[in-house]
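Protein chains in written order, with this note's numbering: chain A, 1 to 346; chain B, 1 to 547.
Simulated from the structure, these hints should not be mistaken for laboratory data.
Any given hint might turn out to be false.
Pairs of lysine to any residue, SDA-like flavour, derived with a Cα cap of 25 angstroms [what the hints assert, rightly or not]:
| # | chain 1 | residue 1 | chain 2 | residue 2 |
| --- | --- | --- | --- | --- |
| 1 | A | K193 | A | G235 |
| 2 | A | K341 | B | Q128 |
| 3 | A | K319 | A | E288 |
| 4 | A | K158 | B | L120 |
| 5 | A | K158 | B | R335 |
| 6 | A | K333 | A | K274 |
| 7 | A | K158 | B | A133 |
| 8 | A | K193 | B | N321 |
| 9 | A | K193 | A | D136 |
| 10 | A | K193 | A | K274 |
| 11 | A | K52 | B | Q128 |
| 12 | A | K274 | B | A133 |
| 13 | A | K341 | B | T245 |
| 14 | A | K333 | B | H52 |
| 15 | A | K243 | B | N321 |
| 16 | A | K52 | B | L407 |
| 17 | A | K158 | B | T245 |
| 18 | A | K137 | B | N321 |
| 19 | A | K64 | B | Q128 |
One-sided excerpt, in silico: chain A residues whose CB lies under 10 angstroms from chain B [to be verified]:
| # | residue |
| --- | --- |
| 20 | K59 |
| 21 | E69 |
| 22 | N77 |
| 23 | S78 |
| 24 | V95 |
| 25 | G98 |
| 26 | E148 |
| 27 | E149 |
| 28 | D152 |
| 29 | A187 |
| 30 | R198 |
| 31 | W241 |
| 32 | L249 |
| 33 | A336 |
Partial list, computed: chain A residues near chain B (C-beta under 10 angstroms) [to be verified]:
| # | residue |
| --- | --- |
| 34 | P79 |
| 35 | E96 |
| 36 | T146 |
| 37 | E237 |
| 38 | K243 |
| 39 | D275 |
| 40 | R332 |
Every residue, glycine too, gets a C-beta built ideally from N, C-alpha and C.
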Amino acid sequence: MTVGNSLRRWAPGMLLTSSIMLVAQGAFADEVNIYTTREPGLIQPLLDAFTKESGIQVKTVALKDGLAERVASEGENSPADVLMTVDFGNLVDLVEAGVTQPVKSEVLESAIPANLRDADGNWFALSLRARVLYADKELNDLTSFTYEELADPKWDGKVCIRSGKHPYNIALISTMIAKDGVEKTEAWLQGVKNNLARPAAGGDRDVARDILGGICEIGIANSYYVGLMRSGKGGPEQEEWAKAIKVILPTFADGSGTQVNVSGAAVAKHAPNKDNAVKLLEYLVSDEAQGIYASANYEYPVKPGAPVDPIIEALGPLKVDATQLTEIAANRKTAAELVDKVGFDE
Amino acid sequence: MRSFLATALDRSSSHAGRGWQIAAATIAFLVVLPILTLLTIATQSSGDLWPHLISYVLPHALTQTALLLLGVSLIVVSLGTGSAWLVTAYDFPLRRMFEWALLLPLAIPTYIIAFAYLDLMHPIGPVQSVLRALFGLAPRDLRFLEMRSLTGCIFVLGIVLYPYVYLFARAMFLMQAASVVDAARMLGAGPLKVFFRVVLPMARPAIAVGTSLALMEAINDIGASEFLGVQTLTVSIYATWINRTSLPGAAQIAIAMLVVVVALIVLERTARTRQRYAAEASRARRLQPIRLKGSMALLAVLLCLVPVLLGFVAPALHLANEAWKRLSFAGFSPRLVEETLNTMLLAGTATLVIILAGLVVAFAARQSQLGLQILRVASLGYAVPGTVLAIGLLWPMAALDGALNRLGLVSGMFLSGSVAALIYAYAARFMAISAGGIEAGLARIPPSYDQAARLLGRTRAGTIRAIHLPLVRPALLTAALLVFVDCMKELPATLLLRPLAFETLATHLYGEAARGTYEDGAIAALLIVLFGLIPVILLARLSRKEG
Numbered sequence: 001m002t003v004g005n006s007l008r009r010w011a012p013g014m015l016l017t018s019s020i021m022l023v024a025q026g027a028f029a030d031e032v033n034i035y036t037t038r039e040p041g042l043i044q045p046l047l048d049a050f051t052k053e054s055g056i057q058v059k060t061v062a063l064k065d066g067l068a069e070r071v072a073s074e075g076e077n078s079p080a081d082v083l084m085t086v087d088f089g090n091l092v093d094l095v096e097a098g099v100t101q102p103v104k105s106e107v108l109e110s111a112i113p114a115n116l117r118d119a120d121g122n123w124f125a126l127s128l129r130a131r132v133l134y135a136d137k138e139l140n141d142l143t144s145f146t147y148e149e150l151a152d153p154k155w156d157g158k159v160c161i162r163s164g165k166h167p168y169n170i171a172l173i174s175t176m177i178a179k180d181g182v183e184k185t186e187a188w189l190q191g192v193k194n195n196l197a198r199p200a201a202g203g204d205r206d207v208a209r210d211i212l213g214g215i216c217e218i219g220i221a222n223s224y225y226v227g228l229m230r231s232g233k234g235g236p237e238q239e240e241w242a243k244a245i246k247v248i249l250p251t252f253a254d255g256s257g258t259q260v261n262v263s264g265a266a267v268a269k270h271a272p273n274k275d276n277a278v279k280l281l282e283y284l285v286s287d288e289a290q291g292i293y294a295s296a297n298y299e300y301p302v303k304p305g306a307p308v309d310p311i312i313e314a315l316g317p318l319k320v321d322a323t324q325l326t327e328i329a330a331n332r333k334t335a336a337e338l339v340d341k342v343g344f345d346e
Numbered sequence: 001m002r003s004f005l006a007t008a009l010d011r012s013s014s015h016a017g018r019g020w021q022i023a024a025a026t027i028a029f030l031v032v033l034p035i036l037t038l039l040t041i042a043t044q045s046s047g048d049l050w051p052h053l054i055s056y057v058l059p060h061a062l063t064q065t066a067l068l069l070l071g072v073s074l075i076v077v078s079l080g081t082g083s084a085w086l087v088t089a090y091d092f093p094l095r096r097m098f099e100w101a102l103l104l105p106l107a108i109p110t111y112i113i114a115f116a117y118l119d120l121m122h123p124i125g126p127v128q129s130v131l132r133a134l135f136g137l138a139p140r141d142l143r144f145l146e147m148r149s150l151t152g153c154i155f156v157l158g159i160v161l162y163p164y165v166y167l168f169a170r171a172m173f174l175m176q177a178a179s180v181v182d183a184a185r186m187l188g189a190g191p192l193k194v195f196f197r198v199v200l201p202m203a204r205p206a207i208a209v210g211t212s213l214a215l216m217e218a219i220n221d222i223g224a225s226e227f228l229g230v231q232t233l234t235v236s237i238y239a240t241w242i243n244r245t246s247l248p249g250a251a252q253i254a255i256a257m258l259v260v261v262v263a264l265i266v267l268e269r270t271a272r273t274r275q276r277y278a279a280e281a282s283r284a285r286r287l288q289p290i291r292l293k294g295s296m297a298l299l300a301v302l303l304c305l306v307p308v309l310l311g312f313v314a315p316a317l318h319l320a321n322e323a324w325k326r327l328s329f330a331g332f333s334p335r336l337v338e339e340t341l342n343t344m345l346l347a348g349t350a351t352l353v354i355i356l357a358g359l360v361v362a363f364a365a366r367q368s369q370l371g372l373q374i375l376r377v378a379s380l381g382y383a384v385p386g387t388v389l390a391i392g393l394l395w396p397m398a399a400l401d402g403a404l405n406r407l408g409l410v411s412g413m414f415l416s417g418s419v420a421a422l423i424y425a426y427a428a429r430f431m432a433i434s435a436g437g438i439e440a441g442l443a444r445i446p447p448s449y450d451q452a453a454r455l456l457g458r459t460r461a462g463t464i465r466a467i468h469l470p471l472v473r474p475a476l477l478t479a480a481l482l483v484f485v486d487c488m489k490e491l492p493a494t495l496l497l498r499p500l501a502f503e504t505l506a507t508h509l510y511g512e513a514a515r516g517t518y519e520d521g522a523i524a525a526l527l528i529v530l531f532g533l534i535p536v537i538l539l540a541r542l543s544r545k546e547g
């Protein structure tokens with residue numbers, strides 16, 4: 001039988017190769033290992049630039065969830081040096097899981113505003129992104145749009161958004177709780193739920209695609225996707241999606257500013273290459289790296305005064321909402337409960 | 001009834017028999033270890049979680065899950081059994097092609113089919129564009145084509161999971177004695193009556209096995225359900241873990257779900273125990289296919305064409321088209337070569353390990369009632385969502401590493417974050433397919449064969465070599481190919497447990513999908529499908545030979 005024969009022929013080879021793969025994890029002299037939940041494609045340009053400048057080899061494993069669990073289970077033997085993730089809630093969770101260590105660095109402290117890093121140096125924000133409004137380009141009078149207006153019945157059946165449980169939306173709802181309290185936020189969330197044109201699912205870019213497809217007229221999504229779509233980096237189809245929308249930086253009704261989240265990193269508690277880990281973080285707040293965050297990923301740099309990509313600059317001046325990150329992080333559990341309570345994703 | 005002879009033989013070699021059982025029990029313990037870990041995690045406090053879950057989460061999640069399973073089982077049973085009967089009992093143009101083509105959707109992972117159909121059915125996608133142009137409609141007139149719905153999810157899962165039922169039902173139809181069907185026909189039963197009153201009841205064990213495999217894939221699916229916005233139990237387990245940062249709570253729901261799944265399986269099995277499905281020792285005369293002509297032949301072709309078109313041709317063409325666009329836009333990434341190699345080596349090695357372990361467990365199950373219980377325990381991992389199982393594997397592996405370190409055998413991490421971790425995870429997930437499939441094949445060999453061999457002086461091991469292995473080979477290879485395809489497609493455990501700087505096609509695809517650029521992943525997706533096709537085609541050739 002041919003299948004059996006070929007299995008027989010391949011079996012020893014496969015076993016041998018896999019055992020080689022097992023032991024081939026030998027260490028580079030100068031390396032740094034990253035465990036990340038960030039999209040590999042987004043951070044690769046930064047890591048390549050870092051290797052080029054420092055000669056330090058970077059090895060990555062990109063996870064979806066379970067970053068803290070994996071590092072915690074590996075304990076002292078963990079090869080993880082740097083933990084990278086998005087959303088300050090996730091960063092706070094890493095600290096609470098006890099898998100980070102405090103870092104003292106003049107470079108990091110002078111580059112990153114105090115409210116965008118942990119007071120003890122357990123985590124540092126590296127870039128910012130705003131939660132913005134994508135709207136059908138034919139719509140007018142949206143310049144002073146507030147997040148509260150998403151619940152206005154005039155948008156009945158016209159709103160698109162991803163899952164309410166996604167960290168980006170949880171952070172937005174948590175901020176709303178910080179401003180208006182739980183009850184008002186629940187009513188607001190119910191209002192937004194009533195306005196949904198389709199189930200809260202998919203990704204942020206789907207908002208633009210669905211506006212082009214006529215499924216909805218407005219939606220909430222992250223700012224950098226605008227750059228990725230408009231620049232053509234997402235391919236010609238996404239350029240078409242981006243042409244169908246205009247982008248507004250909403251504020252809260254109290255006029256305080258636009259809701260902003262972060263991507264950031266921490267040094268792992270048992271980092272075997274701690275010096276390199278700190279070097280990497282310091283590189284990521286250098287002018288060059290902050291420029292890459294802006295030009296390759298269309299994020300807002302975390303370093304004050306660093307330039308923003310022209311596509312993002314064209315969205316208008318960003319006024320960051322001043323709610324304390326720690327307060328937002330503390331409201332996450334309540335926010336997630338509200339999402340369940342109003343059946344936002346149902 | 002056990003003969004005196006068999007008892008005597010058993011006694012004479014009970015020592016060897018115990019060896020099998022110890023080996024099988026060790027394997028079962030290892031693959032069930034992550035579930036034991038989950039049980040431990042589940043005993044920790046989850047605070048005020050349950051009142052909240054019961055008020056707001058579980059009612060909806062349970063309804064959605066039940067409807068999803070009901071819908072998927074309707075699709076997989078009707079498509080799988082119907083098409084298997086058509087290509088076995090009738091002869092019509094293209095029948096021989098359909099025999100294998102009906103298996104093709106197996107090559108497409110659920111997370112890929114969901115992406116593909118969202119693209120295809122989107123207002124700006126091809127289907128709606130054509131419909132609108134034909135009938136002069138506005139985008140909002142076609143809302144019923146929204147894939148982000150329970151119906152959409154049932155459709156995409158059903159259309160790629162029906163081959164599990166097709167595979168097992170067809171094997172059963174091929175084995176069934178033609179005489180029964182002939183008798184029914186002679187007694188004046190029409191083709192529908194023959195199918196529903198004779199064929200279907202006789203094939204019930206096979207349909208049950210195929211359907212339970214398909215439903216376990218459906219209940220544990222996270223790729224398609226989450227992406228299409230269906231709030232199943234698995235999605236809730238996930239949200240509990242991530243949003244409420246309550247791993248104990250997530251483990252509690254997962255264990256509760258496992259209990260329900262096991263209860264359902266036991267219920268179905270008990271309902272069947274009073275019926276007997278004796279296999280003939282000598283192979284009965286095969287069913288002679290009836291030649292269909294004219295409109296009936298056309299109907300048969302159409303009925304077989306629909307699942308192949310929807311479950312394979314349409315999504316594969318879409319992927320090919322997207323991949324072509326990406327190739328001209330961004331070029332072929334050389335990483336893909338290495339990733340393809342990683343995928344194939346990993347799936348190949350894992351399959352070998354899982355099949356060898358499955359053989360041991362299945363032989364133990366043949367030898368005693370205890371062995372059968374061991375097999376069932378070893379199969380539990382298939383009823384747990386992949387991510388949850390992988391989480392349950394983190395700590396046992398760390399503990400094993402610790403033990404190896406203390407013994408001075410290795411230093412640092414050995415299992416954790418290695419390829420071996422992935423193989424372990426796959427074994428814990430897919431042992432059900434391996435051991436279960438082989439056991440089903442062994443069950444068809446009458447015990448009298450064993451007794452004859454032993455009387456002729458063969459040892460127990462000799463009997464296995466001379467009698468069992470040759471006879472069980474088709475079932476063994478079928479199991480191997482199914483396991484291989486499943487390992488290739490596996491995403492959640494691979495994502496969590498893989499080593500640094502190690503990517504497979506599935507994780508590459510995930511990386512692209514995470515950015516919302518599934519189109520960028522089209523080439524990787526197409527490669528998964530293409531390489532997944534190889535075992536599927538082998539499987540098809542095998543089932544033909546077996547026939």
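Hints versus structure:
1. Straight-line distance between C-alpha atoms of K193/A and G235/A comes to about 32 angstroms, which puts the hinted pair past the 25 angstroms bound.
2. For the suggested pair K341/A and Q128/B, the alpha carbons sit about 35 angstroms apart, so the restraint of at most 25 angstroms is broken.
3. The hinted pair formed by K319/A and E288/A meets the criterion: a straight-line CA distance of about 24 angstroms does not exceed 25 angstroms.
4. A C-alpha spacing of about 22 angstroms is found between K158/A and L120/B, which places the hinted pair at or below 25 angstroms, so the restraint holds.
5. Taking the CA atoms of K158/A and R335/B, the gap is about 41 angstroms. The hint is violated against a cut of 25 angstroms.
6. Restraint check for K333/A and K274/A: not satisfied, since their Cα atoms lie roughly 33 angstroms apart, outside the 25 angstroms limit.
7. Our distance criterion of 25 angstroms between C-alpha atoms is met by K158/A and A133/B, whose separation comes to about 24 angstroms.
8. The hinted pair formed by K193/A and N321/B fails the criterion: a straight-line CA distance of about 36 angstroms is larger than 25 angstroms.
9. Of the pairs offered as hints, the one joining K193/A and D136/A holds, with about 19 angstroms between alpha carbons and a cut-off of 25 angstroms not exceeded.
10. For the proposed pair K193/A and K274/A, the alpha carbon gap of about 46 angstroms is over 25 angstroms, so the pair is violated.
11. Restraint check for K52/A and Q128/B: the C-alpha separation of about 48 angstroms exceeds 25 angstroms, so the hint is violated.
12. For the suggested pair K274/A and A133/B, the alpha carbons sit about 61 angstroms apart, so the restraint of at most 25 angstroms is broken.
13. The suggested pairing of K341/A with T245/B holds, with an alpha-carbon distance near 18 angstroms, which does not exceed 25 angstroms.
14. Our distance criterion of 25 angstroms between C-alpha atoms is met by K333/A and H52/B, whose separation comes to about 12 angstroms.
15. Our distance criterion of 25 angstroms between C-alpha atoms is met by K243/A and N321/B, whose separation comes to about 23 angstroms.
16. Restraint check for K52/A and L407/B: not satisfied, since their Cα atoms lie roughly 41 angstroms apart, outside the 25 angstroms limit.
17. For the given pair, K158/A sits about 32 angstroms from T245/B by alpha-carbon distance, which is inconsistent with the 25 angstroms threshold.
18. Proximity of K137/A to N321/B is assessed by CA-CA distance (about 30 angstroms); at most 25 angstroms being required, the pair is judged violated.
19. The suggested pairing of K64/A with Q128/B is violated, with an alpha-carbon distance near 33 angstroms, which exceeds 25 angstroms.
20. Checking K59/A against chain B by beta carbon gives a least distance of about 4 angstroms; that is within 10 angstroms, so the hint holds.
21. With a least beta-carbon distance of about 6 angstroms to chain B, the hint placing E69/A at the interface is held under the 10 angstroms criterion.
22. Checking N77/A against chain B: minimum C-beta separation of about 4 angstroms stays under 10 angstroms; hint holds.
23. For S78/A, the interface hint holds, since its Cβ comes within 10 angstroms of a Cβ in chain B; the closest pair sits about 7 angstroms apart.
24. For V95/A, the suggested interface contact is broken, since its CB lies about 12 angstroms from the closest CB of chain B, more than 10 angstroms.
25. Taking 10 angstroms as the C-beta contact cut-off toward chain B, the hint placing G98/A at the interface is violated, the least distance being around 13 angstroms.
26. For the restraint placing E148/A at the interface with chain B, the shortest Cβ-Cβ distance is roughly 23 angstroms, beyond the 10 angstroms limit, so the hint is violated.
27. Violation of the interface hint for E149/A is found here, the shortest Cβ-Cβ separation to chain B being roughly 22 angstroms, above the 10 angstroms cut-off.
28. At a threshold of 10 angstroms, the smallest CB-CB gap from D152/A to chain B is about 20 angstroms, leaving the interface hint violated.
29. Hint status for A187/A relative to chain B: violated, with the closest Cβ pair at about 16 angstroms, above 10 angstroms.
30. The criterion of a C-beta within 10 angstroms of any C-beta in chain B is met by R198/A, whose closest approach is roughly 5 angstroms, and the hint holds.
31. Interface hint status for W241/A: upheld, as the beta-carbon distance to the closest one in chain B is roughly 8 angstroms, under 10 angstroms.
32. Look at L249/A: its Cβ only gets to about 20 angstroms from chain B, farther than 10 angstroms, so that hint breaks.
33. Hint on A336/A holds. Least Cβ distance to chain B is approximately 4 angstroms, under the 10 angstroms limit.
34. Interface restraint check: P79/A against chain B, minimum CB-CB distance 6 angstroms, threshold 10 angstroms, status holds.
35. Checking E96/A against chain B by beta carbon gives a least distance of about 8 angstroms; that is within 10 angstroms, so the hint holds.
36. Below 10 angstroms, beta-carbon pairs count as interface contacts, and T146/A has none with chain B, the closest being about 25 angstroms; its hint is therefore violated.
37. Checking E237/A against chain B: minimum C-beta separation of about 7 angstroms stays under 10 angstroms; hint holds.
38. At a threshold of 10 angstroms, the smallest CB-CB gap from K243/A to chain B is about 12 angstroms, leaving the interface hint violated.
39. With its C-beta approaching chain B no nearer than about 18 angstroms, D275/A sits outside the 10 angstroms limit, and its interface hint is violated.
40. Hint status for R332/A relative to chain B: holds, with the closest Cβ pair at about 8 angstroms, below 10 angstroms.
Consistency note: the structure conflicts with the earlier hints numbered 1, 2, 5, 6, 8, 10, 11, 12, 16, 17, 18, 19, 24, 25, 26, 27, 28, 29, 32, 36, 38, 39.
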